[in-house]
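Protein chains in written order, with the working numbering: chain A, 1 to 243; chain B, 1 to 243; chain C, 1 to 513; chain D, 1 to 513.
Be a bit skeptical, because a hint or two may be false.
Distance windows between CB atoms, simulated [what the hints assert, rightly or not]:
id : chain 1 : residue 1 : chain 2 : residue 2 : range
1  : D       : Ala200    : A       : Lys95     : 50 to 60 Å
2  : B       : Ala186    : C       : Arg141    : 37 to 47 Å
3  : D       : Asp310    : C       : Ala10     : 19 to 29 Å
4  : D       : Glu17     : C       : Pro448    : 38 to 48 Å
5  : C       : Pro448    : D       : Arg176    : 51 to 61 Å
6  : A       : His179    : D       : Asp504    : 45 to 55 Å
Hints were generated in silico from the structure; no laboratory data involved. Bear in mind that the values here come from a model prediction, so they are computed numbers and not experimental data. From the three backbone atoms N, C-alpha and C, an ideal C-beta is built for every residue, glycine too.
Take a look at the letters that make up each chain.
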Amino acid sequence: MIIRPYGDTTGDGMVQLSFTLPIPHDKRAEGAALQLANRMGMDPAMLVHAKQMGDGYTFFVVYGKVTHLVDTDQVQVVERDFPLLSAKEVNAAVKRGLRRRLSVVGACIGTDAHTVGIDAILNLKGIAGEKGLESYPELAVTNMGAQVSVPDLVETARERKADAVLVSQVVTQRDAHLHNTRAMSAAFREALPAGKRPLLIVGGPRFDELMAADLGVDRIFSRGTTPREVASYLVHALVGGSK
Amino acid sequence: MIIRPYGDTTGDGMVQLSFTLPIPHDKRAEGAALQLANRMGMDPAMLVHAKQMGDGYTFFVVYGKVTHLVDTDQVQVVERDFPLLSAKEVNAAVKRGLRRRLSVVGACIGTDAHTVGIDAILNLKGIAGEKGLESYPELAVTNMGAQVSVPDLVETARERKADAVLVSQVVTQRDAHLHNTRAMSAAFREALPAGKRPLLIVGGPRFDELMAADLGVDRIFSRGTTPREVASYLVHALVGGSK
Amino acid sequence: MAGKLDLDAAVVARARELAARAGQPVVDLARSHTTVSVERAVLRLAGVRGADPDGIPWVNRLVDAVRADVGLEHGVAVPVFHALAGSGVEDVTVLAQKAAAGSVRFSLPSGKAATTARRLAKRATAAGLRTVDRRRAERDRMIKRYGDPRQRPWIYLIVATGDIHEDIPQAQAAARAGADVIAVIRSTGQSLLDYVPEGATREGFAGTYATQENFRLMRAALDETSKEVGRYVRLTNYASGLCMPEIATLAGLERLDMMLNDSMYGILFRDINPIRTFVDQRFSRQIHARAGIVINTGEDNYLTTADAVDAAHTVTVSQLLNEFFAHEAGLADWQLGLGHAFEINPDLPDSFRLELAHALLARELFPEAPLKWMPPTKHMTGDVFRGNLLDGFFNLAGALTGQGILLVGMMTEAVVTPWLSDRDIALQNVRYVLNGAGNLHEDFTPGPFIRGRADQVLSEAIGLLERIVDDGLLNAIADGTFGIMKRPADRGKGLDGVVATGADYYNPVSEEL
Amino acid sequence: MAGKLDLDAAVVARARELAARAGQPVVDLARSHTTVSVERAVLRLAGVRGADPDGIPWVNRLVDAVRADVGLEHGVAVPVFHALAGSGVEDVTVLAQKAAAGSVRFSLPSGKAATTARRLAKRATAAGLRTVDRRRAERDRMIKRYGDPRQRPWIYLIVATGDIHEDIPQAQAAARAGADVIAVIRSTGQSLLDYVPEGATREGFAGTYATQENFRLMRAALDETSKEVGRYVRLTNYASGLCMPEIATLAGLERLDMMLNDSMYGILFRDINPIRTFVDQRFSRQIHARAGIVINTGEDNYLTTADAVDAAHTVTVSQLLNEFFAHEAGLADWQLGLGHAFEINPDLPDSFRLELAHALLARELFPEAPLKWMPPTKHMTGDVFRGNLLDGFFNLAGALTGQGILLVGMMTEAVVTPWLSDRDIALQNVRYVLNGAGNLHEDFTPGPFIRGRADQVLSEAIGLLERIVDDGLLNAIADGTFGIMKRPADRGKGLDGVVATGADYYNPVSEEL
Ligand code: B12
Ligand code: B12
Ligand SMILES: Cc1ncc(COP(=O)(O)O)c(C=O)c1O
Ligand SMILES: Cc1ncc(COP(=O)(O)O)c(C=O)c1O
């Protein structure tokens with residue numbers, strides 16, 4: 001299906017854009033702002049606000065019509081390609097499929113100290129009304145907390161014979177989350193042979209779920225993930241043929 | 001000079017974008033939103049907010065880096081190509097150059113009833129600390145008010161032997177301002193031979209000043225115009241060689 | 001919300017008395033004139049429907065024909081029903097068509113024929129009024145069934161796509177998202193049309209025409225939504241401009257719930273002749289009174305052309321006049337959505353507290369009226385982030401001062417007519433403020449600054465009313481007292497549609513109202 | 001702003017007394033221990049500067065060497081100055097380099113040699129303290145010359161580019177645009193470094209390292225700007241993490257004006273050992289007291305992990321403890337920027353009034369302290385339009401409840417570290433609210449809801465303090481009382497840097513403070 005942005009009439013293509021240019025405010029700056037909007041495909045573009053900040057920067061707000069079309073058939077997304085199980089089903093599948101508890105090791109790595117996200121997935125308390133993985137009798141969860149170094153993580157994963165390693169990354173400035181994830185997956189590749197390596201999962205609000213291969217991990221979870229989704233994925237990836 | 005948008009670091013290229021797509025919110029919709037951002041040149045684009053409105057629409061906020069460059073040397077603007085005169089200078093120039101009062105007829109045409117803008121230019125009160133054209137002894141101003149029809153305007157311009165006709169257009173939905181301006185300039189072309197035609201000026205907050213030729217007028221004034229600018233332009237265009 | 005300002009009751013009474021004295025001469029003027037639109041409204045109630053192939057309604061053609069033959073000083077009712085009785089035609093619309101074709105002529109009967117014509121006219125218009133009454137009863141039933149909004153202020157949202165079939169889903173979505181009142185704003189220019197367009201609008205400019213069919217379509221859609229959301233969603237339009245009486249009538253016939261209807265807006269902002277306006281507004285308010293419609297007055301507009309601090313007292317004066325005219329026309333206090341607005345320059349020190357003073361003054365002067373509180377527009381800019389913030393403080397001021405109807409501000413006010421997403425963001429803003437701080441009035445006890453400012457505005461209003469009583473309201477309007485717009489009584493559009501009534505003027509509708 | 005809540009003075013006194021009883025055992029613990037960072041701070045005051053080629057500061061190398069030879073239970077001062085006296089080296093930094101190279105050994109002198117070493121140490125550190133004193137006098141002079149901000153609350157803005165040379169122009173621009181206080185937030189992870197990095201930072205992550213050079217560069221830049229804007233612009237950084245005492249010292253040496261410095265933040269949010277933290281915070285606060293620096297505590301953080309309504313009383317308890325520890329360390333009330341935050345779920349009914357209750361309680365419990373009021377973060381989303389609105393109501397709550405320091409919220413809180421334009425929009429928001437509604441407190445008289453809520457929080461705080469007095473503060477921390485973080489006293493980072501002091505422990509700086 002081909003669609004266009006919608007302001008107040010079907011097909012009007014209207015969008016709102018704001019940005020700063022590193023130049024003082026004058027007519028030429030406004031022209032430069034419109035040039036950018038035009039290059040982004042806005043035509044006509046209306047410059048509705050311009051404000052100089054300090055000596056050499058100007059903030060702009062532009063409204064206008066984009067000429068681009070959106071083709072929803074071409075959209076690439078990571079759709080959930082596994083069934084969403086109840087806690088009961090997860091436990092039953094592990095028991096039956098693995099005949100031992102599934103070992104999960106989680107951590108915030110690098111200098112990232114944002115544990116609320118990984119805690120939401122792992123801790124009893126959970127999130128959005130769902131209990132975390134600790135509440136699943138058949139999952140053995142180790143939550144290493146924040147600012148864990150990659151060597152410590154690998155070591156612990158080895159110790160706990162981790163089936164899956166769950167890593168959270170929230171800080172994204174200067175692509176910290178990407179660097180840290182790559183360092184982590186490389187370390188596991190180095191430390192363990194292919195068959196012995198745990199399933200690698202990263203999560204955090206600013207990840208692009210399409211980048212798993214690029215980052216060397218098995219799966220990425222982004223904004224709004226719930227524990228049940230993660231548990232279901234673990235069963236799908238590690239236990240297989242459940243249900 | 002080549003520049004890029006500035007978020008918090010020189011060259012980071014960061015911009016903010018928001019729009020609605022006429023589809024319900026799900027992963028595919030988020031993918032569609034990212035597709036649009038990508039087509040607009042944002043890469044990477046972070047989808048930071050998505051909210052369904054009613055049954056079939058979703059609002060998105062996207063942040064990210066645009067790959068486009070801005071070349072300030074290529075910017076086209078209508079720079080003021082005439083000297084900015086004081087009221088005294090304007091009056092003196094008219095007196096000397098024309099040897100009679102310069103006749104100005106102003107109106108909001110079509111169904112547009114927004115007179116505040118044209119009044120700011122014409123009325124005594126003026127705007128931004130500058131008095132309006134009525135305060136210039138050498139200008140004879142007729143302010144026809146709002147919702148003036150094009151035939152009435154042409155008629156009055158003829159009657160008052162207008163040297164210049166000033167038209168305001170504020171409402172832009174469905175390009176009303178463009179349609180009305182074109183109708184107005186066509187009517188003057190039809191009614192009066194080239195030499196007899198008054199100078200045609202339009203103004204309003206959402207005009208693109210580059211469109212004068214396209215709309216068949218002599219000059220366009222946009223946001224933040226002041227009476228002195230208009231008076232100076234009148235001298236420049238109608239009296240010439242002043243100063 | 002009683003008495004946070006401790007206004008002096010004697011001063012308030014004095015203000016009302018002055019307003020009555022200032023308004024009475026205008027009422028007398030209105031009683032002694034009719035207009036083409038008043039007469040057309042009568043014919044609409046009598047059952048004339050539809051338009052000619054050029055889109056000119058048959059009511060216009062009929063009134064023009066009557067006027068050409070016998071003038072309007074007697075009213076159209078008698079000549080029309082006299083002609084109907086004589087022509088053998090059953091239907092007034094058919095009569096109008098014939099009249100337009102020149103195949104019917106009008107004359108003034110006398111004696112028994114006149115009595116018959118009056119009786120027929122009365123019967124026909126009574127049928128129209130009965131429909132209005134039925135609609136009102138229908139509304140009462142639906143409110144009983146679905147309920148009123150759960151909170152005050154009621155949340156009032158505008159739609160304005162120019163296409164009724166695009167407006168409808170947007171209005172329904174807005175109602176689902178929390179709007180209690182939907183206003184479909186009109187295409188620019190409708191005010192100056194001396195007829196009411198017909199049919200469903202597909203392409204208006206910055207609004208959708210007020211037509212009977214658009215009213216019907218939208219009301220039906222909102223009835224559905226009312227059922228769905230379990231709350232009666234009100235519909236608003238504009239009884240303003242040259243066709244005030246007719247649009248009021250159509251609103252009554254199609255169960256609109258509120259109408260923009262001001263005694264001076266058309267004069268000031270559409271350059272409509274003052275007498276035309278005062279005659280039209282009186283009739284249209286009589287209809288609104290009968291139909292149980294809440295009117296919304298337009299004082300907010302003054303603050304878009306005049307300064308909101310300097311001209312604060314002109315708003316108060318206009319509200320007092322609107323109240324007087326409304327009562328005179330039969331409207332009850334609960335029907336008076338008197339207008340005012342959050343339009344003070346936000347850069348002014350204490351701007352928010354000045355807003356509170358003004359808003360609270362209106363609240364306490366008109367304790368029973370469901371005041372209509374309008375958002376910032378003049379000082380909105382293309383900075384939409386700032387815009388949403390100002391709207392939030394506007395919402396807060398509304399909650400703190402107990403406003404009745406909150407017209408939801410849009411962050412894109414200075415940019416475009418509202419987008420779907422603008423409305424969603426705006427409603428979210430309202431919800432946050434009402435939910436999180438809606439009860440803050442409990443903790444709001446105006447200090448000397450706010451009370452002093454309210455007293456000052458009230459005393460300036462009294463001063464102005466005294467001058468108006470001396471000079472006459474028409475002269476005050478001519479002098480630019482309201483909104484800095486100067487409008488002399490002998491100028492403006494639509495003056496040729498005003499007619500002084502004769503001794504035998506007969507209007508079967510006015511008689512009933 | 002006196003007594004809108006009418007808090008019961010006896011109840012307030014009881015709360016303070018309980019806090020003192022809960023805190024005293026921890027003070028005793030702090031007095032009987034030292035840490036590697038306390039000892040390094042002593043050496044910094046004594047004049048050790050710079051770092052080895054790997055970036056490890058010479059103070060670290062020197063303390064490590066002393067510890068290896070004689071342990072730390074006696075303090076570093078005596079062994080170091082004894083070695084200095086014996087080595088013929090003039091400069092302590094050179095001594096450190098030699099020690100690192102293994103060419104100096106340390107021993108504990110006794111008798112006259114010990115007295116000499118003490119005297120030398122005291123002389124050296126006194127020079128450092130004199131610099132601190134000079135900086136403080138310098139600040140006083142500049143405040144006299146340029147003046148304090150014209151309004152309360154002071155406007156506090158964060159810069160965080162990760163590059164000090166990008167931070168500087170942004171900070172200057174922010175000050176020109178109205179910021180009264182600039183905070184350079186630190187690169188993630190600095191808290192857990194057991195040394196203070198050296199030199200100017202060009203690439204930090206989500207912040208710029210706290211280094212002496214960065215402090216110097218930024219302070220110099222802001223001195224320029226202070227002159228330009230005619231108002232002394234304050235500079236803030238973080239004395240937090242494993243190097244609290246040293247960073248406090250560097251702040252004193254470089255005339256920083258405020259420092260984030262909490263008694264429990266490092267324990268809870270950086271998993272630093274509790275005893276390490278309590279020892280370090282005591283010393284760092286003594287330095288802050290001497291330097292005339294205002295501390296900012298971190299109670300706001302609890303509300304990012306715990307619920308702001310459920311855990312409101314834990315904020316109050318922590319503020320009372322922070323106050324007790326601060327007073328004990330010599331800080332005056334005007335130096336206590338106690339933290340709290342606008343973190344209640346905005347969807348909660350009456351959320352804004354609950355915020356007012358909490359904020360006012362803090363205000364009236366600590367009437368002389370310049371409370372630090374933190375903006376919404378947890379409930380901010382990618383909807384930046386909504387974000388700017390919430391920040392506006394946060395600003396309003398700050399003005400209504402008389403907060404001292406307003407940390408300016410950013411609409412992009414949930415998205416990115418602040419952009420230049422975010423800061424500009426945020427400042428515009430603050431200006432609008434303070435200018436337009438800054439005096440609204442005059443009209444704010446809390447009703448039963450707000451007063452009841454404040455009383456409830458205070459009584460819950462007393463209940464919790466009673467339990468802490470019984471169980472011990474360390475156990476309460478171990479149980480997850482604050483921010484739902486469980487931190488046992490025998491765990492956490494930096495424990496190996498804690499040493500119980502011996503009877504002969506000598507610290508020439510502590511003696512002076
Ligand atoms: C709470 C918070 C803190 C708390 C953290 C407490 C704690 N114990 O976690 C405190 C106050 C300590 C803090 C400190 C800092 N913070 Co902080 N903080 C936030 C805040 C307000 C909320 C984050 C949060 O808890 N979200 C709620 C959780 C549930 O959501 P989530 O993390 O997205 O997790 C969900 C999914 O993403 C997913 N998920 C996440 N991880 C994983 C892992 C796996 C395996 C899976 C399957 C799923 C998954 O599932 C979760 C549940 O749905 C955000 C702003 C905001 N509103 O988002 C800033 C923010 C994240 N912080 C930020 C920064 C910069 C910092 C500091 C570095 C500032 C400084 N220089 O001092 C410090 C230092 C922190 C450090 N070293 O990392 C920035 C990051 C900017 C960026 N994009 O790079 C933000 C965005 C604020 C900002 N705009 O500046 N912070
Ligand atoms: C005041 C106002 C009104 C007043 C007008 C009173 C009056 N006598 O003018 C009232 C309340 C009557 C009104 C009504 C309506 N309005 Co109105 N109104 C505004 C408002 C709030 C401010 C406009 C203004 O006065 N600006 C200040 C002046 C000084 O600025 P300016 O016009 O840009 O003029 C400057 C320059 O542009 C230039 N300039 C302008 N004209 C000319 C001409 C010449 C020759 C020159 C040289 C220069 C020049 O110089 C001026 C001085 O610097 C704007 C929203 C906003 N904040 O911008 C909406 C707005 C313009 N209105 C709008 C609409 C839709 C309407 C209505 C149609 C709504 C309705 N359907 O009922 C009605 C009907 C009006 C009609 N028929 O045209 C829309 C237009 C949307 C669009 N882009 O198409 C706006 C943007 C609001 C919105 N978002 O919906 N409105
Ligand atoms: C009373 C009143 N009538 C009508 C309108 C609308 O304008 P128009 O007459 O162009 O439909 C307004 C403005 O909002 C108003 O306040
Ligand atoms: C007291 C205190 N210290 C330090 C920080 C900063 O964190 P970090 O220790 O990562 O620099 C905060 C959080 O804002 C804080 O409140």
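To see whether the hints hold, each was checked on the structure:
1. D/Ala200 / A/Lys95: 50 to 60 Å: holds (58 Å)
2. B/Ala186 / C/Arg141: 37 to 47 Å: Distance hint for B/Ala186, C/Arg141 is violated at roughly 55 Å.
3. D/Asp310 / C/Ala10: 19 to 29 Å: violated (53 Å)
4. D/Glu17 / C/Pro448: 38 to 48 Å: Once the Cβ atoms are compared, 40 Å apart, the range 38 to 48 Å for C/Pro448 and D/Glu17 holds.
5. C/Pro448 / D/Arg176: 51 to 61 Å: At 35 Å between Cβs, range violated.
6. A/His179 / D/Asp504: 45 to 55 Å: About 49 Å separates the Cβ atoms of A/His179 and D/Asp504, which means 45 to 55 Å holds.
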